[in-house]
Amino acid sequence: MIRMRLDRGPAVPAAAVTFVALVLLGRQLAPYDPERPVAVPWSPPSGRLPLGADALGRDVLSRVVSGGARLLTVSLAASAAALLCGVALGLVAGWGSASVGRAVRWVCDLLLAVPALILALVLAVALPGATAVVVASVLSGAPLTARVVGARCAEVRDSGYVRSAIERGERTPTVLVRELLPAMSGLIAADAGLRLVTALQLATALAVLGLGPQPPAPDWALMLSENLPGASLNPAALLAPAVPLALTAWLPASAARAAGRRMGGAA
Amino acid sequence: MIPRALLRTVLLAVAATAVVFAATEILPGDMGDVRGAGRASAEDVARERERLGLDVPAPVRYLRWLGHLVRGELGRSLASGRPVADLLAERLPATAALVVGTLTVTVALTALALAVGFLRGGRGGALAPGLAAVPQAVYAAVLGAVLSGVLGWLPAVSLLAPGSSPWAQPRALVLPALTLALPSAAFATVLLRGALTDVLRLPHVADARTRGLPARLILRRHVAPFLLVPSVRVLALMTGWLTAGTALVETVYGYPGTGGLLVSSVAVRDVPVVQAAALIPAVIVLVGMLVADLLDTAGRHRPGRSRRMAPVATAGGAA
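Residue numbers (UniProt numbering), protein chains in the order written: chain A, 1 to 267; chain G, 1 to 319.
These are computed hints drawn from the structure, not numbers from a lab. A quick note: this is a predicted structure, and the numbers were derived from the prediction, not measured. There may be inaccurate statements among the hints.
Label pairs and their calculated CB-CB ranges [stated by the list, open to error]:
1) Glu73/G x Ala151/A: 56 to 62 angstroms
2) Ala77/A x Ala58/G: 57 to 63 angstroms
3) Pro203/G x Leu22/A: 47 to 53 angstroms
4) Pro128/A x Pro57/G: 21 to 27 angstroms
5) Ala77/A x Arg71/G: 39 to 45 angstroms
6) Asp86/G x Arg157/A: 54 to 60 angstroms
Note that the Cβ used here is the ideal one computed from N, Cα and C, for glycine as well.
With the rest of the complex left out, here is chain A (with noise of 0.2 angstroms):
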């Protein structure tokens, strides 16, 4: 079993930008075009092309360094989107009134009747790929982190450095801002890599099902779907993509788990 060190203070940070700003900047580390033919379809790993070719015959290892960049930009934006959103509605349903909670948590209620996946196949009916991941992900994602952002706010209103900085006088969005959300860092840390984890599953299942990045686009996802009918040709042409999405995935979970932890909850 694969034991994730995550909770090691700043190596987390630090090793998490490193891996985004590689896949983002992947495009100019690849050695050929990720669109153009370079080789036989098909051809298996090689000293010139160390992953082989894919059914168009374009190097494999060029299309996986430039093929996560857009994949992880929407991820991150959706899931940004919807932490954003949920902090807030969190926010307004834990430090209100019994009934505004109550009125959140039912609209919270209300969009969580349609799973994600569903929702984001019916938005694309209209909008773009990515747009529907976006909005798909802040719908139904952004519920989930209210509850449980509005479920400790609830708890905290009322603890003693809460309640003295009302008696200072001071306003009530500082307050929220200076008092509240330090006292949820973990807590909304820990949500913030289960909402990556989701718009990337989102953002995938689009992509494979073609709603997504259209070819030749280099992309992870679609890259599964192309060279699934050579597995048996060039296996790494379909492992190549699959490794780096699968790790793009779990990191995020490990650290939302780790972040868990810290905070005593079992995750």
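Model the placement of chain G on the given structure of chain A, informed by the hints.
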């Protein structure tokens, strides 16, 4: 309590129809334009829009559509002109077979994972959350490559005609079911591990341990009964998510079910089919949650029943 849970489910079902309708209604163009694209005059398009009922305001159309839906009238496909109910009916058995097969594998794998977790002390590793996070398409690609590409054990594409019995070619079920089951079993394990940890903290379990009872006996007699209600809840969620997840695997493997129909209808903007096919998983989630709620209510009156479990919906899961 029962009427209240039922009322809630009905309200949420109506909400789900509203969400689905609203999502399909933000179309920049509509089917009148798509059908007439390029060859029809503005007049023809207007007539077509009127014929399809697209010329009235959205809220009116929603209520009209809801009214038809309640009476079981799902309308006709804009692309093929066939009744939506027929299209769904001929594909539902295949999807039902896939979901039932997948659930069986999921339940077995989850039970195994939880039992192993219990025997190792109830503290799970990073494996299950990690596996649950990996996108389903990766499972589809890797399993497809290994089982059908490299080993050649299974057909990569199910060559079943829509409407034929799913049992005519049971081998076609294996790849889609495995692809769906592996991540959902990992996810179910993550969700239920919280409940397991809670149960292990109960005094009677600690007591049984102090008395030196064998671990397997403690698991069967003192732990498993307390996991019933959380398990039903997770099972309900999984059934809905699996049904949603069939959209991906059915398309990848060419399996003729309602999920694949949903995807192909999205691609051609066949709104009536999209609306009906999208509601199937939503309704399954709601009915499953209702069953779990009712079981929970029934169980709450017995002393000592643990209702606690991990916050089900906080973990990721697009499917």
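A quick look at each hint next to the structure:
Checking the proposed 56 to 62 angstroms range against Glu73/G and Ala151/A shows it is violated: the Cβ atoms sit about 42 angstroms from each other. For Ala77/A paired with Ala58/G, a C-beta distance near 28 angstroms fails the hint of 57 to 63 angstroms. Checked against the hint of 47 to 53 angstroms, the C-beta distance between Pro203/G and Leu22/A comes to roughly 51 angstroms, which is consistent with it. The given range of 21 to 27 angstroms is respected by Pro128/A and Pro57/G, whose C-beta atoms sit roughly 26 angstroms from each other.
Checked against the hint of 39 to 45 angstroms, the C-beta distance between Ala77/A and Arg71/G comes to roughly 42 angstroms, which is consistent with it. For the hinted restraint 54 to 60 angstroms between Asp86/G and Arg157/A, the CB-CB distance of approximately 55 angstroms keeps it satisfied.
This entry does not satisfy hints 1, 2, going by the numbered hints stated previously.
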